[in-house]
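**Student:** Chain residues, written in single-letter form:
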Amino acid sequence: MACIEAHGLTKVYGQTIALNGIDLKVEEGRILGLIGPNGAGKSTALNAILGLIPYQGELKVLGRDPWTQRDQLMRDVCFIADVAVLPRWMKVSQALDYVAGVHPRFDRAKAEAFLAKTNIKRKSKIRELSKGMVTQLHLALVMAIDAKLLVLDEPTLGLDIIYRKSFYDTLLNDYFDHSRTIIVTTHQVEEIEHVLTDVMFINRGCIVLNSSMEDFETRYAEVMVTPERVAEARALVPIHERQVFGRSILLLDGVDRERLAALGEVRTPGIADLFVAVMGGQPAAPQGVAA
Amino acid sequence: MTLQSSALPEAGPDAQSAAPAALATTRPYVWSVRRELWEYRSIYVAPAVAAGLVLFGSLIAAISLPHDPRLMSAIDRAGMGGQLVKPFGFSAMVVIVTSFIVSVFYCLGALYNERRDRSLLFWKSLPVSDLIAVLAKISVPMVVMPLVTFVIILVMQVILLFGGAEALMMRGLSPSVLFGHLPAGQMVLVLAYGLVVMALWNAPIYGWLLLVSAWAKRAPFLWAVLTPLALVVVEHIALRTHYLAAIIGDRLTGGFTHAFEAWSQGPNAPGVPQIDLLGFLSTPDLWIGLAVAAAFLAAAVWMRRYREPT
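Those sequence lines, one after another, are chains A and B.
Numbering-wise (the working numbering), the first sequence opens with residue 1 and increments by one.
Numbering-wise (the working numbering), the second sequence opens with residue 1 and increments by one.
Bear in mind the hints are in silico, worked out from the structure with no lab data behind them.
Just so you know, even glycine gets a beta-carbon here, dropped at the ideal spot from N, CA and C.
Certain hints may be false.
[Said to hold, decoys possible] Quick list of the computed label-pair ranges, beta carbon to beta carbon:
1) B/Ile288 / A/Asp160: 58 to 64 angstroms
2) B/Leu278 / A/Pro104: 42 to 48 angstroms
3) A/Met1 / B/Arg116: 36 to 42 angstroms
4) B/Leu252 / A/Leu157: 44 to 50 angstroms
5) A/Val244 / B/Ala219: 53 to 59 angstroms
6) A/Gly29 / B/Leu231: 54 to 60 angstroms
7) B/Arg218 / A/Arg127: 41 to 47 angstroms
8) A/Pro54 / B/Gly249: 36 to 42 angstroms
9) B/Ala184 / A/Arg122: 56 to 62 angstroms
[As the list claims (entries may be wrong)] Only pairs whose alpha carbons sit at most 30 angstroms apart, straight line, appear in this in silico DSSO-like list of lysine-lysine:
10) A/Lys125 / B/Lys86
11) B/Lys86 / A/Lys131
12) A/Lys131 / A/Lys110
13) A/Lys91 / A/Lys165
14) A/Lys117 / A/Lys131
15) A/Lys91 / A/Lys123
16) A/Lys121 / A/Lys60
17) A/Lys91 / A/Lys131
18) A/Lys91 / B/Lys217
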């Protein structure tokens with residue numbers, strides 16, 4: 001059974017089409033990066049998956065309809081919607097007590113162990129913690145829950161690089177175990193690249209690219225060519241071209257690497273490179289509008 | 001709703017091991033109620049402060065009173081007129097009114113604050129259904145608050161009683177008039193009954209406030225007060241009738257009229273009011289009110305469940 005399966009998933013807000021008939025299938029045990037500009041429909045898709053908004057089309061999460069069967073679904077699903085949502089009046093110890101109280105799959109010892117590595121004091125109120133600490137606390141709570149699906153919407157927004165790095169390291173090392181599924185959205189594409197098993201680009205409510213990382217690495221290649229050989233390389237129909245130090249870097253889709261090696265230095269592009277290549281040619285949704 | 005009052009405080013480890021199915025709903029419910037007490041400490045702080053002020057005022061009075069010749073005549077009349085009960089009744093009302101005000105503001109904030117500070121998405125990331133969350137919230141004014149108020153008033157009155165006896169003895173008077181003539185058992189019974197009556201009678205008020213709290217984008221207090229006021233005005237202008245005003249007025253003040261026999265003589269009548277349980281239970285307004293409260297709560301659950309996050 002697929003963890004998430006959607007057919008023609010559509011969400012319209014007034015005149016705005018936030019999701020335009022998305023087809024989607026996420027198998028169990030994957031770590032999917034959902035990447036797109038602001039207002040592309042990432043959060044809308046996640047909200048639909050989490051049963052927070054109604055939608056048109058078909059959507060099944062862990063075999064359930066998230067809108068009508070949300071209560072049952074939330075026993076197996078966990079999410080961090082935004083770093084700021086932990087209640088500010090709560091004490092750290094109360095947050096632990098409460099989650100332990102209501103969640104049958106919460107492993108308190110695990111959360112305590114994670115917190116022991118931080119400077120977070122049990123007696124502190126959440127409003128007294130720094131933004132990084134709040135995220136660490138939220139992460140400690142969420143990662144101690146034995147959920148089948150974990151959804152992280154911009155979990156590291158506003159954090160400095162050290163926190164971001166340790167966030168994803170912990171996620172990969174301490175949490176992920178191949179039976180769980182994780183969906184993560186972020187602007188910092190480079191930082192999650194090594195974590196993902198799958199990547200999905202979304203723009204203007206449509207899926208622009210959907211690929212596993214293995215396919216990604218075999219399918220896409222970048223070749224750096226000298227000006228004399230540019231014409232030859234361009235004949236292979238690159239999807240993107242940029243200039244670096246007087247040489248051209250061409251991004252190609254589905255071209256044999258040995259053939260490219262004859263033209264110049266070949267490497268696998270980063271997700272960010274491909275993102276720019278794919279999104280660059282398209283008009284993005286207005287900036288600053290969260291979907 | 002009151003049936004849960006007996007289940008709530010004792011639903012500890014015993015109840016949990018009994019039935020795993022019940023556990024799935026009881027545990028989140030109990031923890032959700034506990035959570036409310038963490039967030040809104042005024043639930044027990046405010047009535048306790050009110051009781052403290054009453055005690056403080058009584059202490060001052062006890063020090064100054066012996067010089068007042070009225071004391072002796074008051075004690076003389078105590079046995080006959082039931083005047084002795086009055087300060088106890090008054091002090092209880094101070095705490096009860098405080099609890100009611102706290103309940104009103106609690107309900108207005110309960111479903112509004114979690115949306116405003118966006119912690120709603122955290123609560124919704126846990127396996128606690130919106131039904132359980134709203135039931136936990138309505139349990140605060142309906143169950144927790146009456147229990148807290150009962151305990152605080154009881155403690156306060158015991159202190160008042162022994163403090164009064166002490167004051168009498170220090171002035172060389174026998175405290176027996178206090179212990180002998182005060183209908184303590186009946187007072188406790190009336191207090192417990194009165195709190196239950198208030199909770200049930202006020203249920204639609206709390207339900208309405210929770211619904212506004214779940215619905216208002218801002219200023220829930222204004223919405224909660226001005227909406228019924230506007231309807232009263234519209235009814236007055238359009239139909240020249242005042243049914244809604246009468247209903248609201250009865251709801252705010254009329255509970256005890258139906259619940260006690262002697263209440264018609266006015267709340268200042270001497271002695272302990274006579275419980276009229278049958279009369280109260282046979283008041284159609286009680287049941288209509290509870291049905292309306294259930295409808296308001298169902299709407300509040302619906303709002304919390306199906307409203308899209310903004």
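**Student:** Determine for every hint whether it applies to the structure shown.
**Tutor:** Now for the hints, and whether the structure bears them out:
1. B/Ile288 / A/Asp160: 58 to 64 angstroms: holds (59 angstroms)
2. B/Leu278 / A/Pro104: 42 to 48 angstroms: holds (45 angstroms)
3. A/Met1 / B/Arg116: 36 to 42 angstroms: Holds - the Cβ-Cβ distance for A/Met1 and B/Arg116, about 39 angstroms, lies within 36 to 42 angstroms.
4. B/Leu252 / A/Leu157: 44 to 50 angstroms: Given range 44 to 50 angstroms: holds, Cβ gap about 47 angstroms.
5. A/Val244 / B/Ala219: 53 to 59 angstroms: The hinted range 53 to 59 angstroms holds for A/Val244 and B/Ala219, with Cβ atoms some 57 angstroms apart.
6. A/Gly29 / B/Leu231: 54 to 60 angstroms: 57 angstroms Cβ-Cβ, so the 54 to 60 angstroms window holds.
7. B/Arg218 / A/Arg127: 41 to 47 angstroms: violated (22 angstroms)
8. A/Pro54 / B/Gly249: 36 to 42 angstroms: Holds, since A/Pro54 and B/Gly249 (Cβ atoms, about 41 angstroms apart) stay within the stated range.
9. B/Ala184 / A/Arg122: 56 to 62 angstroms: violated (44 angstroms)
10. A/Lys125 / B/Lys86: Between A/Lys125 and B/Lys86 the Cα gap is close to 44 angstroms, so the pair fails against 30 angstroms, i.e. violated.
11. B/Lys86 / A/Lys131: Cα-Cα ~55 angstroms, so violated.
12. A/Lys131 / A/Lys110: Measuring from Cα to Cα gives roughly 22 angstroms; hence the hint holds.
13. A/Lys91 / A/Lys165: Judged against 30 angstroms, a Cα distance of about 26 angstroms means the pair holds.
14. A/Lys117 / A/Lys131: holds (17 angstroms)
15. A/Lys91 / A/Lys123: Roughly 6 angstroms separates the two Cα atoms, so the pair holds.
16. A/Lys121 / A/Lys60: Distance ~40 angstroms between A/Lys121 and A/Lys60 Cα, so the pair is violated.
17. A/Lys91 / A/Lys131: holds (15 angstroms)
18. A/Lys91 / B/Lys217: holds (27 angstroms)
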